[in-house]
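Chains as they are written, first to last, in the working numbering: chain X, 171 to 526; chain R, 42 to 318.
Worth flagging that the hints you see were computed from the coordinates, not collected in a lab. Hints are supplied without guarantee of correctness; some may be wrong.
[As the list claims (entries may be wrong)] To spell it out: a stretch of chain X is covered by chain R in this simulated footprint if at least three of its residues, at any positions, have a beta carbon under 8 Å from a beta carbon of chain R; those stretches are: (1) 394-400; (2) 508-517.
[As the list claims (entries may be wrong)] Residues on chain R that point at chain X, a partial pick, calculated with CB under 10 Å: (3) R44; (4) Y54; (5) N82; (6) S96; (7) I147; (8) L151; (9) I159; (10) D220; (11) L261.
Keep in mind the model is a prediction, meaning the values are calculated, not measured. Quick reminder that beta carbons are idealized off the backbone N, C-alpha and C, glycines included.
Here is how the chains run, residue by residue.
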Amino acid sequence: MKKLLSIIVALFAVCGLLAFGANQLQSTSGSTGKKVLNLYTWGDYIDPSLLTKFQKQTGYHVNVETFDSNEAMFTKIKQGGTSYDLTVPSDYMIEKMKKANLLLPLDKKRLTGMANYDSRFMNLNFDKHNRYSVPYFWGTLGIIYNDKFVKPGSINHWNDLWQPQYRDKIMLIDSARDVMGFSLASMNKSMNTTNPATLLAARNKLNQLSPNVKAIVADEIKMYMIQNEAAIAVDWSGEASEMLDENKHLHYVVPSEGSNLWFDNLVIPKTAKHFDAIYAFLNFMSEPKNAAKNAEYIGYATPNKKAKALLPKAIRNDRQFYPDDQTIRHLQIYKDLAPAKVGLYNDRYLEFKLHH
Amino acid sequence: MQRKQRLSRQIAYFIPYILWIGLFVIAPVVLLVYQSFFDINGHFTLSNYQTYFSSNTYLTMTLNSVWYAFLITFATLVISYPTAYVLNATKHPQLWLLLIIMPTWINLLLKAYAFIGIFSQAGIANQFLHFIGIAPQQILFTKFSFIFVAAYIQIPFMVLPIYNSINELNPSYVNASKDLGATSWQTFSKVIFPLTLPGVKAGVQAVFIPSLSLFMLTRLIGGNKVITLGTAIEEHFLTTMNWGMGSTIGVILIIAMVIIMSLTGGSKRRAKRGMTK
């Protein structure tokens, strides 16, 4: 009987420890003190020196926590138990969070820097009148090629990828929406189509591409392209800018007939608590000098017009990352599709993958 | 009174085990089965199973998974049996065994990344091929490299059970077989191999089942040129958010495993009885 008792005591002790541990873990998910701001963002997505500057200027300490996918961020905020004040979802996810009532509207009276933003990147469909979001960075989907293996200037359009000379030379990003998307764009169809026949046609066209596809991989693309492992890759501009920094032979092209245009915008999730700090931060990041510094550090395109003017000429005029108006007009933003429609994209994409 | 006490003590010893099984084995499986009956809109339905068995994609994927799992198991077995046999004859088998088990202490992802380095265009494998004069070859993202790396990872799990059963083998059987005039091939095929079959079966179970649902390697080493059910599960849980369909595939994998276990497990008992006779 004594043994039984001691075992029960031990079990209680273990449960107690677990509860304590869980409590500890939760309290690290955002501190709850007074002079803080809990920022939940993508990994390495803000210049750390700006955080120090912000603290010096305003006295608010910024706790940064990171996520690696929109979906992971969505789940964590939806489940609650966190106290994030600001987060940076992409366009379609803002739409989704809005529908799920996870966002708080911005108090426009407290925002001072909204006039600095390029009107082309404001008032977009995923957030009409910017009720909920302030643009942070934007970018595109495009083609990266290595001039050691591909003659410069010979790839300008999606259809160029289908040429037989690129057999076994192309790497694709493992993402249903993007791969199906560029196939749709190559046929001049909407990248948001939900028409089953069109999606089937896009899949059939991708099947014809498969002899040229060397691999379908994720973040590793960056490493492979830098190491000259493949000649061509389809990836996002943000990733491309990092590759181009490491390997001088790489070039990035946004096909002028159309591609994806994506946004990461700052939003206030419903878990927010420190509103003074939130608005101080939003205004701080809208200041041209700070936005320019951040853009130079991260290498993504800034939607802040005045900040862009402050960037070095080589960056400002780089057509690879700041495409001309003609191209921008043809770019399409992903819409948040109903789950069944996302399923349609994924099924066709899975079939293409199986086609190898 | 004393008997009662002993009984309650025995029950107490069982508590951690029962808790463990209940929380981490039974509950997840029940949840998985439960989840598999819901479609993407949260309605109770059998449509996930219907989709699975009427879709070419999933059936091809299933065949693919079984085929690659078979190839991996076969490659592992071909390497492991002789290894275990030779190991048994060495002076310090425990030391060699330790060396074989050691790679399992390293994280799977790290091993995969190491192979990316070895197999890449500028990697050691290609440097060697360059040295012997056969220009750079594409090694990464081929079926060969996928099976090679998967087999490398699974080998310890095959060697161990085979080694144990060879170790348990009573040498007098072998001597008797030789005394009675059997050739060494006959001794091996009629005596040694049948008697070590339980080890082989245990090894096949330990390798085949996890190989069915490999998904990290299919992308990292196979470049998604090899598609298994694991890929589909990952996609359904992470991108499509269609947990119902993902769970359905999971349930089917569990059923497949049960079938394999019962196929290999039943004859294992028989073989064991034969050995102890």
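Hint check:
no.: 1; hint: 394-400; result: holds (count 4)
no.: 2; hint: 508-517; result: holds (count 6)
no.: 3; hint: R44; result: 13 Å, violated
no.: 4; hint: Y54; result: 8 Å, holds
no.: 5; hint: N82; result: 7 Å, holds
no.: 6; hint: S96; result: 8 Å, holds
no.: 7; hint: I147; result: 19 Å, violated
no.: 8; hint: L151; result: 14 Å, violated
no.: 9; hint: I159; result: 13 Å, violated
no.: 10; hint: D220; result: 55 Å, violated
no.: 11; hint: L261; result: 7 Å, holds
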